[in-house]
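Protein chains in written order, with the working numbering: chain A, 1 to 308; chain B, 1 to 423.
By construction, these hints were calculated from the structure, which means they are not laboratory data. This one's a predicted model, so the numbers in the text were calculated from it and none came from an experiment. Each residue gets a CB set at the ideal place from its N, CA and C atoms; glycine is no exception. Careful: at least some of the hints might be erroneous.
To be verified - Subject to a maximum C-alpha distance of 27 Å in a straight line, what follows is the list of computed BS3-like cross-link-like pairs (lysine-lysine):
1) B/Lys326 / B/Lys102
2) A/Lys148 / B/Lys102
3) B/Lys246 / A/Lys148
As the list claims (entries may be wrong) - For the chain A half of the interface with chain B, some residues (derived, Cβ under 8 Å), not all of them:
4) Phe75
5) Ile229
6) Ala269
7) Ser271
8) Gly279
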Amino acid sequence: MFGDYSIGDLGAIFAMQGFAGLILFSVFVLMALGLAIIFGQMGVINMAHGEFMILGAYVTWATSGFFQQNLPALFPGYFFVAMILAFIAAGALGMLVEWALIRHLYRRPLDTLLATWGLSLILQQAYRSAFGAREVGVELPDWMMGSKHLTDTIEVPINGIFVMCLTALITCAVAYVLFWSRWGRQVRAVVQNRVMAGAVGINTEKVDRYTFGLGCGIAGIAGSAFTMIGSTGPTSGQLYIVDTFMVVVFGGAASLVGTIASAFTISQARSTLEFFLSGSMAQVLTLLAIVGILMLRPQGLFALKVRK
Amino acid sequence: MSDRNDSYKPWGPLAPSRRKLLAGMAALPALSMLPRPSFAAAPPTSVVNTTGLAVTDSEVTVGILHSVTGTMAISETGSVEAEKLAIEQINAEGGVLGRKIKFIQEDGASDWPTFAEKAKKLLVNDKCAAVMGCWTSASRKAVLPVFEQYNGMLYYPTFYEGLEQSKNVIYTGQEATQQIIAGLDWVSKEKGAKTFYLLGSDYIWPRTSNKIARKHIENHLKTKVVGEEYFPLGHTQFNSVINKIKLTKPDVIYAIIVGGSNVAFYKQLKAAGIDLSKQTLLTISVTEDEIDGIGGENIAGAYACMKYFQSLDNPNNKAFVAAFKKMWGEKTVIGDVTQAAYLGPWLWKLTVEKANSFDIDKIAAASPGVEFKGAPEGYVRIHENHHLWSKTRVGRARPDGQYDVIYETKDLVEPDPFPKGYQ
Chain A
1 MFGDYSIGDL
11 GAIFAMQGFA
21 GLILFSVFVL
31 MALGLAIIFG
41 QMGVINMAHG
51 EFMILGAYVT
61 WATSGFFQQN
71 LPALFPGYFF
81 VAMILAFIAA
91 GALGMLVEWA
101 LIRHLYRRPL
111 DTLLATWGLS
121 LILQQAYRSA
131 FGAREVGVEL
141 PDWMMGSKHL
151 TDTIEVPING
161 IFVMCLTALI
171 TCAVAYVLFW
181 SRWGRQVRAV
191 VQNRVMAGAV
201 GINTEKVDRY
211 TFGLGCGIAG
221 IAGSAFTMIG
231 STGPTSGQLY
241 IVDTFMVVVF
251 GGAASLVGTI
261 ASAFTISQAR
271 STLEFFLSGS
281 MAQVLTLLAI
291 VGILMLRPQG
301 LFALKVRK
Chain B
1 MSDRNDSYKP
11 WGPLAPSRRK
21 LLAGMAALPA
31 LSMLPRPSFA
41 AAPPTSVVNT
51 TGLAVTDSEV
61 TVGILHSVTG
71 TMAISETGSV
81 EAEKLAIEQI
91 NAEGGVLGRK
101 IKFIQEDGAS
111 DWPTFAEKAK
121 KLLVNDKCAA
131 VMGCWTSASR
141 KAVLPVFEQY
151 NGMLYYPTFY
161 EGLEQSKNVI
171 YTGQEATQQI
181 IAGLDWVSKE
191 KGAKTFYLLG
201 SDYIWPRTSN
211 KIARKHIENH
221 LKTKVVGEEY
231 FPLGHTQFNS
241 VINKIKLTKP
251 DVIYAIIVGG
261 SNVAFYKQLK
271 AAGIDLSKQT
281 LLTISVTEDE
291 IDGIGGENIA
301 GAYACMKYFQ
311 SLDNPNNKAF
321 VAAFKKMWGE
331 KTVIGDVTQA
341 AYLGPWLWKL
351 TVEKANSFDI
361 DKIAAASPGV
371 EFKGAPEGYV
381 RIHENHHLWS
391 KTRVGRARPD
401 GQYDVIYETK
411 DLVEPDPFPK
421 GYQ
């Protein structure tokens with residue numbers, strides 16, 4: 001397939017393909033981070049994760065409309081405001097859901113699967129009633145569209161670079177919060193031994209609520225960022241949920257490093273296979289490989305070592 | 001106009017299964033030749049309804065069966081709106097055979113078994129005289145046995161892959177060859193295209209359509225397909241295939257991607273620096289409805305091959321667009337399928353009046369030759385194979401989400417659901 005091309009052409013294509021893989025990696029990490037926190041730290045199987053993302057997307061859409069109408073001069077920068085609002089909205093909804101639904105189910109983790117699946121259906125229909133069944137188009141400021149020429153032949157999409165930077169930033173922030181802040185230590189204490197954590201004076205209910213809120217908030221940011229590359233409609237969240245779970249489970253549920261490593265492996269495998277095979281085939285092979293590896297290593301790539 | 005000069009093609013040799021299907025229609029040939037009766041007074045119910053359909057002296061009940069919840073609600077909402085508009089307009093004109101149309105709406109909920117169940121309900125419990133409905137081929141395949149078993153009449157609006165024909169279905173959208181061949185001929189002639197890259201979502205319609213496209217490109221146009229790719233429904237990452245397109249530099253990207261993937265594909269195409277004002281892209285899956293979600297600026301410059309665009313400049317369409325916006329709001333857009341859905345109730349009304357009966361068998365037999373001059377797309381006529389003769393048009397997407405119509409076939413294109421040499 002490469003016979004007719006010059007070395008320069010091929011080099012450019014492979015460089016761009018490398019970027020495509022990195023962009024996919026960032027997208028995976030961004031969408032999986034929130035779930036990794038909720039599933040990994042709390043053991044809640046949140047099937048409504050995609051719907052929290054789409055809430056972020058709708059917030060972005062509403063913000064863009066607001067800026068266009070009222071503050072057209074500030075429109076180029078609206079996206080940053082939108083992401084913060086998306087975080088707040090999704091986080092607040094997450095905390096509400098935790099209070100109303102999830103906290104009653106901590107002792108029955110499998111039931112959370114059913115409850116959050118129901119929640120996802122409710123949210124989808126709520127979006128449909130509120131915003132209409134059709135997809136909405138989110139207007140982006142000009143500077144976020146198009147591509148950047150690195151050399152004459154190598155172009156990289158700007159929204160891809162944006163997602164990469166955003167992912168790096170949020171990953172660092174989450175790592176800092178979980179591993180170096182006082183609150184993060186509380187979260188990890190609760191994960192490892194809830195009763196003991198309570199006994200030493202940690203308010204476990206509060207920790208749970210904020211952890212769930214944080215996970216949902218990050219989903220909101222992810223949804224906001226994905227308006228650049230995907231669709232915004234009542235059921236768009238469903239497009240991401242399978243990949244998200246795949247990344248988190250493959251990485252080893254309780255490990256942030258595992259999530260990142262698994263996102264990297266899956267994204268590179270898929271984008272390389274997609275280039276040489278076709279889209280559907282790439283998906284099939286990636287899934288087969290993951291099934292195989294999980295059979296050999298059911299705990300995922302990285303797992304916390306705990307005494308059983 | 002050359003619209004009406006084309007003559008019916010006589011029946012070609014039929015496959016045995018088709019012959020069997022058509023036997024029922026052939027049983028009542030004389031009826032379609034009866035002179036049109038006058039409609040001054042509504043004919044008595046006992047005459048026009050001999051099979052126990054929900055027809056009274058003042059009312060007739062039809063069904064609307066689309067998804068208003070679930071994934072497909074995005075696409076099917078427009079069809080529901082168009083069908084309700086058509087029914088309201090028909091009632092304002094005095095109804096069908098002096099009877100007002102009453103509709104019962106059921107929700108298929110984007111779930112194919114639900115479609116079958118609701119179809120059965122509409123036919124068996126509600127005795128609907130006709131049903132306007134379905135969108136995806138999967139839902140149509142699910143209800144088809146129900147309509148054939150209980151002898152109902154379905155008006156199906158979506159352009160689809162063909163390879164189907166039933167006494168109990170009128171297909172008001174295009175079958176694959178109507179949508180594909182004229183578009184490819186146009187792009188090959190006007191743009192001098194020699195190489196094509198075929199893309200699609202991975203299910204029956206894009207695959208069948210691309211199969212037809214490939215045969216036409218290779219055997220008739222004598223040009224080349226340089227790539228063919230399918231993606232799972234809901235796929236959101238297209239950077240790899242975009243790089244492949246950059247590598248192979250095709251004259252035409254031929255895209256049949258649907259649903260949320262569509263939005264991702266065009267956004268990423270633009271972000272990757274592929275400028276659709278220079279790169280020719282021809283799609284058969286993006287109507288004005290989809291552009292709403294994609295964003296006009298992301299797809300401006302792309303060509304779409306359809307039979308209807310909202311911007312069509314004719315009096316029928318102007319009246320239709322105005323009425324549609326009056327009923328459903330200024331902001332709504334009208335895509336190809338929405339218009340095809342609008343044809344359903346009208347074609348049914350005209351057929352009932354031609355047959356002077358609501359009986360399904362008589363309608364099935366009377367359908368061929370029924371013409372609708374008020375169609376927004378211009379003029380349509382039902383073929384013996386229950387599909388529509390209609391024109392094929394190419395439009396170019398504008399940043400505001402509308403299409404400029406830049407080409408239309410001179411004559412109506414004959415529907416050919418079982419194309420020879422394309423299977």
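Discussion item. For the restraint on serine 271 of chain A, tell me whether the closest CB of chain B is nearer than 8 Å.
Written reply: Nearest chain B Cβ about 5 Å off; hint holds.
Practice prompt. Using Cβ atoms only, decide whether alanine 269 of chain A comes closer than 8 Å to chain B, and label the hint accordingly.
Written response: violated (12 Å)
Discussion item. Given the hinted pair lysine 326 of chain B and lysine 102 of chain B, is their Cα-Cα distance within 27 Å?
Written reply: Given that 27 Å is the threshold and the Cα spacing comes to 21 Å, the pair holds.
Worksheet entry | Satisfaction of hint between lysine 102 of chain B and lysine 148 of chain A, Cα-Cα up to 27 Å | violated (58 Å)
Worksheet entry | Restraint status (C-alpha distance of lysine 246 of chain B to lysine 148 of chain A at most 27 Å) | holds (15 Å)
Practice prompt. Hold the hint about phenylalanine 75 of chain A up to the distance rule: shortest CB distance to chain B must be less than 8 Å.
Written response: violated (14 Å)
Worksheet item: Does the nearest C-beta of chain B fall within a distance shorter than 8 Å of the C-beta of isoleucine 229 of chain A?
Response: Since the shortest Cβ distance to chain B is 6 Å, the answer is holds.
Worksheet item: With 8 Å as the cut and Cβ atoms as the points, is glycine 279 of chain A at the interface with chain B?
Response: holds (4 Å)
Hints 2, 4 and 6, counting from the list given before, are not met by this structure.
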